[in-house]
Amino acid sequence: AQSVTQPDIHITVSEGASLELRCNYSYGATPYLFWYVQSPGQGLQLLLKYFSGDTLVQGIKGFEAEFKRSQSSFNLRKPSVHWSDAAEYFCAVGAWDSGAGSYQLTFGKGTKLSVIP
Amino acid sequence: NAGVTQTPKFRILKIGQSMTLQCTQDMNHNYMYWYRQDPGMGLKLIYYSVGAGITDKGEVPNGYNVSRSTTEDFPLRLELAAPSQTSVYFCASSYSSFGAPYNEQFFGPGTRLTVL
Numbered sequence: 017a018q019s020v021t022q023p024d025i026h027i028t029v030s031e032g033a034s035l036e037l038r039c040n041y042s043y044g045a046t047p048y049l050f051w052y053v054q055s056p057g058q059g060l061q062l063l064l065k066y067f068s069g070d071t072l073v074q075g076i077k078g079f080e081a082e083f084k085r086s087q088s089s090f091n092l093r094k095p096s097v098h099w100s101d102a103a104e105y106f107c108a109v110g111a112w113d114s115g116a117g118s119y120q121l122t123f124g125k126g127t128k129l130s131v132i133p
Numbered sequence: 004n005a006g007v008t009q010t011p012k013f014r015i016l017k018i019g020q021s022m023t024l025q026c027t028q029d030m031n032h033n034y035m036y037w038y039r040q041d042p043g044m045g046l047k048l049i050y051y052s053v054g055a056g057i058t059d060k061g062e063v064p065n066g067y068n069v070s071r072s073t074t075e076d077f078p079l080r081l082e083l084a085a086p087s088q089t090s091v092y093f094c095a096s097s098y099s100s101f102g103a104p105y106n107e108q109f110f111g112p113g114t115r116l117t118v119l
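Chains as they are written, first to last, in the working numbering: chain A, 17 to 133; chain B, 4 to 119.
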């Protein structure tokens with residue numbers, strides 16, 4: 017079965033600084049990769065996704081992520097963080113689960129981002 | 004489109020009470036899901052459905068039941084509430100087909116449930 021690791025529980029950055037959130041996955045084949053953002057008290061919103069093709073994908077709100085097969089990683093980046101980016105970020109892997117017999121989405125435990133004005 | 008809607012937004016239950024969390028989507032998605040979110044634990048899949056009349060267990064199904072009589076609705080039932088079911092519950096939906104099996108899930112705003 018697939019798994020997702022987000023090594024950083026909490027990250028604090030200054031407004032205007034660059035950001036990189038790490039995500040590592042475990043899956044035998046090429047997975048379908050997603051980044052979601054959750055603002056306090058809200059549901060999850062999709063930032064970007066990778067299915068195939070160009071390994072650098074662009075998302076909403078100025079975010080991008082790069083798929084690196086050799087490192088089993090899908091890190092999220094933003095060149096200049098805004099105070100409104102403070103939220104929790106979840107990496108997710110979509111893959112066929114043979115045990116369940118269906119497509120399953122597995123989430124990491126999340127990284128909380130705090131932004132210092 | 005309203006997307007995925009959930010009711011209620013908040014609820015407090017006493018131990019042993021029962022309740023149904025409602026979820027409706029208007030995107031004609033075939034897949035629907037229920038997750039619970041606990042602090043620091045990410046999202047855990049409770050139940051999911053691949054179409055009307057078809058449901059299956061996820062990672063943490065104990066203490067819950069679901070039904071899917073229509074494409075739009077996917078209610079989650081708690082029969083005997085326990086403190087361990089205190090959590091935030093999210094409903095989600097997606098569209099999967101033979102040509103496009105893996106698509107993003109759209110999430111509702113969540114239901115915050117406290118069992119005392």
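Read the hints as simulated data drawn from the structure, not as lab findings.
The beta carbon of each residue, even a glycine, is placed where N, CA and C say it ideally should be.
Just to be clear, a hint being listed does not mean it is correct.
Claimed, not checked - Quick list of simulated restraints, FRET-style, between CB atoms: (1) A:W99 x B:L83: 41 to 51 Å; (2) A:H98 x B:D29: 41 to 51 Å; (3) A:F67 x B:N4: 16 to 26 Å; (4) A:H26 x B:N4: 33 to 43 Å; (5) A:G57 x B:T23: 20 to 30 Å; (6) B:G19 x A:T46: 45 to 55 Å; (7) A:G69 x B:P86: 20 to 30 Å; (8) A:A17 x B:D41: 14 to 24 Å.
As the list claims (entries may be wrong) - With a straight-line Cα cutoff of 25 Å, these simulated DSS-like cross-link-like pairs (lysine-lysine) come out: (9) A:K84 x A:K65; (10) B:K12 x B:K60; (11) A:K125 x A:K77; (12) B:K12 x A:K128; (13) B:K60 x B:K47; (14) A:K128 x A:K65; (15) A:K125 x B:K47; (16) A:K128 x B:K47; (17) A:K65 x B:K17; (18) B:K47 x B:K17; (19) B:K60 x A:K125; (20) A:K125 x B:K12; (21) A:K84 x A:K125; (22) A:K65 x A:K77; (23) A:K84 x A:K128; (24) A:K125 x A:K65.
Here is how each hint holds up against the structure:
1. Here the CB-CB span from W99 of chain A to L83 of chain B is close to 44 Å, well matched to the stated 41 to 51 Å.
2. Separation of H98 of chain A from D29 of chain B is about 32 Å and departs from the stated range, judged on CB atoms against 41 to 51 Å.
3. Between F67 of chain A and N4 of chain B the beta carbons are some 23 Å apart, a value that agrees with the proposed interval 16 to 26 Å.
4. Look at H26 of chain A against N4 of chain B: about 35 Å separates their beta carbons, and that is inside 33 to 43 Å.
5. For the pair G57 of chain A and T23 of chain B, the supplied restraint of 20 to 30 Å holds, since their beta-carbon distance comes to about 22 Å.
6. G19 of chain B and T46 of chain A have their C-beta atoms about 47 Å apart, which keeps the hinted 45 to 55 Å range intact.
7. In this structure, G69 of chain A and P86 of chain B break the distance hint of 20 to 30 Å, their C-beta atoms being roughly 47 Å apart.
8. The beta-carbon spacing between A17 of chain A and D41 of chain B, approximately 20 Å, falls within the hinted interval of 14 to 24 Å.
9. The straight-line distance between the Cα atoms of K84 of chain A and K65 of chain A is roughly 14 Å, inside the 25 Å bound, and the hint therefore holds.
10. The straight-line distance between the Cα atoms of K12 of chain B and K60 of chain B is roughly 24 Å, inside the 25 Å bound, and the hint therefore holds.
11. Simply put, K125 of chain A and K77 of chain A have alpha-carbon atoms about 22 Å apart, close enough for the 25 Å limit, and the pair holds.
12. Proposed proximity of K12 of chain B and K128 of chain A is supported: the alpha carbons are some 23 Å apart, at most 25 Å.
13. Of the pairs offered as hints, the one joining K60 of chain B and K47 of chain B holds, with about 11 Å between alpha carbons and a cut-off of 25 Å not exceeded.
14. A hinted pair counts as satisfied when its Cα atoms are at most 25 Å apart, and K128 of chain A with K65 of chain A qualifies at roughly 20 Å.
15. With a C-alpha separation of about 10 Å, the suggested pairing of K125 of chain A with K47 of chain B holds against the 25 Å cut-off.
16. This hinted pair checks out: K128 of chain A and K47 of chain B have alpha carbons roughly 18 Å apart, not beyond 25 Å.
17. This hinted pair does not check out: K65 of chain A and K17 of chain B have alpha carbons roughly 41 Å apart, beyond 25 Å.
18. For the suggested pair K47 of chain B and K17 of chain B, the alpha carbons sit about 23 Å apart, so the restraint of at most 25 Å is met.
19. The hinted pair formed by K60 of chain B and K125 of chain A meets the criterion: a straight-line CA distance of about 21 Å does not exceed 25 Å.
20. Under the criterion of a C-alpha separation no larger than 25 Å, the hint pairing K125 of chain A with K12 of chain B is consistent with the structure, at around 23 Å.
21. Distance hint between K84 of chain A and K125 of chain A is fulfilled; the C-alpha atoms sit about 20 Å from each other, no more than 25 Å.
22. For the hint linking K65 of chain A to K77 of chain A, the alpha-carbon distance of about 14 Å falls within 25 Å, and the restraint holds.
23. Our distance criterion of 25 Å between C-alpha atoms is met by K84 of chain A and K128 of chain A, whose separation comes to about 23 Å.
24. The straight-line distance between the Cα atoms of K125 of chain A and K65 of chain A is roughly 18 Å, inside the 25 Å bound, and the hint therefore holds.
Of the numbered hints stated above, those contradicted by the structure are hints 2, 7, 17, listed in ascending order.
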